[in-house]
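Undergrad: Single-letter residue listing:
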Amino acid sequence: DTEVTQTPKHLVMGMTNKKSLKCEQHMGHRAMYWYKQKAKKPPELMFVYSYEKLSINESVPSRFSPECPNSSLLNLHLHALQPEDSALYLCASSQGSRAYEQYFGPGTRLTVT
Amino acid sequence: GEDVEQSLFLSVREGDSSVINCTYTDSSSTYLYWYKQEPGAGLQLLTYIFSNMDMKQDQRLTVLLNKKDKHLSLRIADTQTGDSAIYFCAETLDYGGSQGNLIFGKGTKLSVKP
Chain A
1 DTEVTQTPKH LVMGMTNKKS LKCEQHMGHR AMYWYKQKAK KPPELMFVYS
51 YEKLSINESV PSRFSPECPN SSLLNLHLHA LQPEDSALYL CASSQGSRAY
101 EQYFGPGTRL TVT
Chain B
1001 GEDVEQSLFL SVREGDSSVI NCTYTDSSST YLYWYKQEPG AGLQLLTYIF
1051 SNMDMKQDQR LTVLLNKKDK HLSLRIADTQ TGDSAIYFCA ETLDYGGSQG
1101 NLIFGKGTKL SVKP
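Quick mapping for you: the protein sequence lines, in order, are chains A and B.
To convert, note that position 41 of the first sequence is 41 in this note's numbering; the numbers rise steadily by one, no gaps.
So the mapping is simple: this note's numbering equals the position in the second sequence, first residue as 1, plus 1000.
With the rest of the complex left out, here is chain A:
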């Protein structure tokens, strides 16, 4: 199983809503990542969890809050987002320090109204 799954596939939320994005992998990977991708742009790294601990936070605003409940799951909690936060949010995983083999999920298309 080389699959990373993400739910929901699409999400529309208002600026006062609280929602969560979910990511799951069952490959035994110990590093998980959140990326943000705007239209016609490459993905930008947001957070990295390594062995369930937050190891990298790329100066992401606090309205994005990551959580790694266990080695298979990664959440991204959203609160008080802005319309410019609308993007494709991609989750990825890799085997420990082998960041060179990152497997990506299909993404959640987020629209903030």
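Please keep in mind that the hints were generated in silico from the structure rather than gathered at the bench.
Backbone N, C-alpha and C fix where the C-beta goes; we use that ideal spot for every residue, glycine too.
Wrong hints could be hidden among the right ones.
Ranges between beta-carbon positions, derived for each pair [unchecked claim]:
#1 Asp1003(B) x Glu101(A): 22 to 28 Å
#2 Lys1106(B) x Asn70(A): 32 to 38 Å
#3 Glu58(A) x Leu1008(B): 22 to 28 Å
#4 Pro69(A) x Ser1011(B): 44 to 50 Å
#5 Ser55(A) x Lys1106(B): 24 to 30 Å
#6 Met27(A) x Phe1050(B): 18 to 24 Å
#7 Leu73(A) x Ala1077(B): 35 to 41 Å
#8 Pro8(A) x Pro1039(B): 15 to 21 Å
#9 Glu1005(B) x Tyr51(A): 30 to 36 Å
#10 Val1019(B) x Lys22(A): 34 to 40 Å
Straight-line Cα separation of at most 27 Å, DSS-like style, residue types lysine-lysine; simulated pairs [as the list claims (entries may be wrong)]:
#11 Lys38(A) x Lys1109(B)
#12 Lys1109(B) x Lys36(A)
#13 Lys36(A) x Lys9(A)
#14 Lys40(A) x Lys1106(B)
Go by the hints and put chain B onto chain A.
TA: Just chain B now, kept in the frame of chain A:
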């Protein structure tokens, strides 16, 4: 510094070979990658090459690395309409034995005409 450059568009005819080029600036790059992204989808890791290799072949894909010129290319033989997508070149840097983050180019949109 860290910078990965790619041409933005490439158009080929079905059955022809496609060559997508990429240049990078950081000589401490240790792994270089090609990812494919179809419309509305996530990224698919196509292949990667270690920086001590010159070439890697995997079925229809051939990756060439010229370390002197910091140039990476992806050749797709017998290009099919299903190969139409955006192709991202990416690198990771070696930080004392551990791998750094993926640094992506802006992506090359490949259009395959029947």
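Undergrad: Each hint should be assessed against the structure and marked as holding or not.
TA: So, going through the hints one by one against the coordinates:
no. : hint                               : verdict
1   : Asp1003(B) x Glu101(A): 22 to 28 Å : holds, 23 Å
2   : Lys1106(B) x Asn70(A): 32 to 38 Å  : holds, 35 Å
3   : Glu58(A) x Leu1008(B): 22 to 28 Å  : holds, 25 Å
4   : Pro69(A) x Ser1011(B): 44 to 50 Å  : holds, 46 Å
5   : Ser55(A) x Lys1106(B): 24 to 30 Å  : holds, 26 Å
6   : Met27(A) x Phe1050(B): 18 to 24 Å  : holds, 22 Å
7   : Leu73(A) x Ala1077(B): 35 to 41 Å  : holds, 40 Å
8   : Pro8(A) x Pro1039(B): 15 to 21 Å   : holds, 19 Å
9   : Glu1005(B) x Tyr51(A): 30 to 36 Å  : holds, 34 Å
10  : Val1019(B) x Lys22(A): 34 to 40 Å  : holds, 39 Å
11  : Lys38(A) x Lys1109(B)              : holds, 15 Å
12  : Lys1109(B) x Lys36(A)              : holds, 19 Å
13  : Lys36(A) x Lys9(A)                 : holds, 14 Å
14  : Lys40(A) x Lys1106(B)              : holds, 8 Å
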